[in-house]
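Trainee: Okay, here's what each chain looks like letter by letter:
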Amino acid sequence: MAWDNTSVFADDSVEDRDFRAEVRAWVLANCPPELVGRAAHPTPAELKPWHRRLFERGWIAPHWPREHGGMGATLAQQLILWEEITRLEAPTPLSHGLNLIGPIIIEVGTPEQKAQHLPRILSGEITWCQGYSEEGAGSDLASLATSAALDDDHFVVKGHKIWTTQGQHADWMFALVRTDPDAKPRHAGISMLLIDMKSPGVSVRPIETLRGDAEFAMEFFDDVRVPRANLLGEMNGGWRLANMVLGAERMVTGHPRTAANLLNRVRDVAKLTGAADDPAFRQRLAAIEIEMLAFSAYFRHGAALHMAKRAPNSLAPVLKIVGGELAQRAAELLVEAGGARGPMADDWLIGNASVNLPHALFESRRFTVGAGSVEIQRNVIAKRVLGLPSS
Amino acid sequence: MDLLLSEQQSQMRDGAARLLRDVAGPQRLRRLMASGRARDDEAWRAVAAAGWAGALVPERFGGTGLGTLELALFHEEAGKHLAATPLAAAASAASCIAACGNASLRARWLGDCIAGAKIVVPALGGAGLGYGTDGVLPRLRDGAVPLLDGAHSFVPFAATADAFLVAAERGGATVLGLAAPDAVGVAITTVRNVDGTSSSDIAFAATPVEIVADGSTAERAIAAMQAATVLAASAELIGIAAAVHAMALDHIKTRRQFGQAIGSFQAIQHRAVDAFVAVELSRSLLARVCVERDRGNADAAMIAAVKAKSSRSALDVVRFGLQMHGAMGYAEEHEIGLYWKRALVLSALYGGDANHLLRFSQLSWAET
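In order, the protein sequence lines correspond to chains A and H.
Taking the working numbering, the leading residue of the first sequence gets 1, the next gets one more, and so forth.
Taking the working numbering, the leading residue of the second sequence gets 1, the next gets one more, and so forth.
If you're looking for bench data, these hints aren't it; they were derived computationally from the structure.
Heads up, a few of these hints could be off.
What the hints assert, rightly or not - Residues from chain A that face chain H, not an exhaustive set, calculated with beta carbons under 7 Å:
no. : residue
1   : Ile290
2   : Leu293
3   : Ala294
4   : His301
5   : Leu305
6   : Val318
7   : Arg378
8   : Leu386
9   : Leu388
10  : Pro389
Cβ atoms here follow ideal geometry from the backbone N, Cα and C, with glycine treated the same way.
Assemble the whole structure, with the sequences as input and the hints as a guide.
Mentor: If you want it as structure tokens, here you go:
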């Protein structure tokens, strides 16, 4: 199988087919060559010129309403843009602002917050990071302890955040902080604050990953004063905002494209090493590809239901579980396809692309851990979908 | 997830569910097995009376002109209700007679097939559709009356068939012929399966047959019948998986140990979720491939993927269900065992997970 966005279970309407062709051609012509094949975490500085081009083309925020500078695009068009960029294993534009905090600001922000932040998210001038996890609060996010105490017209923030993707580069952080230490249940005492990372008292320490680069960071807040006007939404209403998965974000976290790119690479590498001639290897690949086919069908089915406003509660967690685990298995098979050269530290040259197999594998760890581990997703389905009782 | 069905498709599925609640189910299956009868004639008459036997026959030939998706909707319900109905075999054979047969053949067979008065069963074989099916087709000798030599293995519903549509080979080209079970030289050896169904080896020795189609027409007709029967078996497997999953959920919500429902334990919850995901993905894949098939887009690799995935999922989900039921799952008295037995038969029918995995692999590498 060659996994292309149009080769398996394409659902594009006639107009969408034209749009996809237009996007494909434009992305090929405009995506900076140094970013092609580099989906994994370029720095914001490397990403900004690409972000800027999409912004100038008017394609930066397909999922945002027009009144806020977005395209007001259909979900199908949103997916097309995302799929055609990721098809080249190129990075999508600065996503924390566009996909995570931007939509929440649009939903609940004050007019001042919208005016201050939305244009700068669109232009890429300001980059954002997400301050959720803490050392003692990972899967059990509601136990977070970083406190924000009101002092007149300011919050005084004290504590730390960790595993913050691109935290060392971000200009602003949207953070979950504890504004009521006595709240029961605990998540009822959490608020969302927008924090300028240049504020006095903020210090940042990059964290190196297995791949050897600093993809995320740890931030310390030492009595950082944050204007009360930077409270997003209601006081103690942060939990609801953090759980708002808006628009296409639900459909791209766990999109089959991630696994598809890896499986295409598996075939490339298998042909080079001879794994492609090994029946045992081919059987294992076939097993994953059949899962991939099933997942692609499920994804298109879910997207169609989403567009018909009939998506079930199970859709987002199933996408995360299957998309994550499948991509991870594909990454594992990629290294195996390399045989004795699989664990090589240097890149492989495949056509014009250079691919680092272990890095692809290391990168895949995040698929089953980030944004709610697959175990937490299973708990969610057990309770909310299958109606199983709590212990 | 809900399938994206038209109003008419939803009604057909609901109608099939109501029908099968009446003429199938665990108790009825037990009675049928105890009686030693090979087929539930009353159930088949009810299925045919509802118009299903002509589902794949175009309306201009008196059928209802439906597609593989509708057939799959019926068979998922059949799986849920343990109905071992020959519908997919009979409906795809009727469709083949309508598409390929000459006026005389149609006049003699089609009306009875659509009414359910006669059941024609495809005997196609084919490489990659299970161990012992090597793709060697019976050979047809030309003559005033063409004569057939050879055999087909593992043909379901053959024991009670009124005729066979036989895939054969003549001078290197594929032909499709109609043979009567009581014709000269036909020897049928039937093996009873653990779930009450049966499967037969059919041997032909200088058996006279009537040619229905040859060349590429025959190949297309064979592929269409294989697709319909394989997809229908997959749909039944998914129905079984869905029924067993529901049964297991009911059980773990009510069965109490250590002072609480066992469904409150995370070890059990996560297995229940994985079983749920297996059913969801299998059903989406099946439905999608049926839709593609009905649009003329589904290739053989996709159909192989469906059978591999649904066979694996059904066995996995049934294993989960059995485990949840503890010792009860090992007791003949509990109906979950009936579902397991049916899943074993259907997952092996037309080739199982391993066979279709290999087939998918061969087809998908051949593409590139």
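Trainee: Please write out, lowest number first, the hints stated earlier that are contradicted by the structure.
Mentor: none
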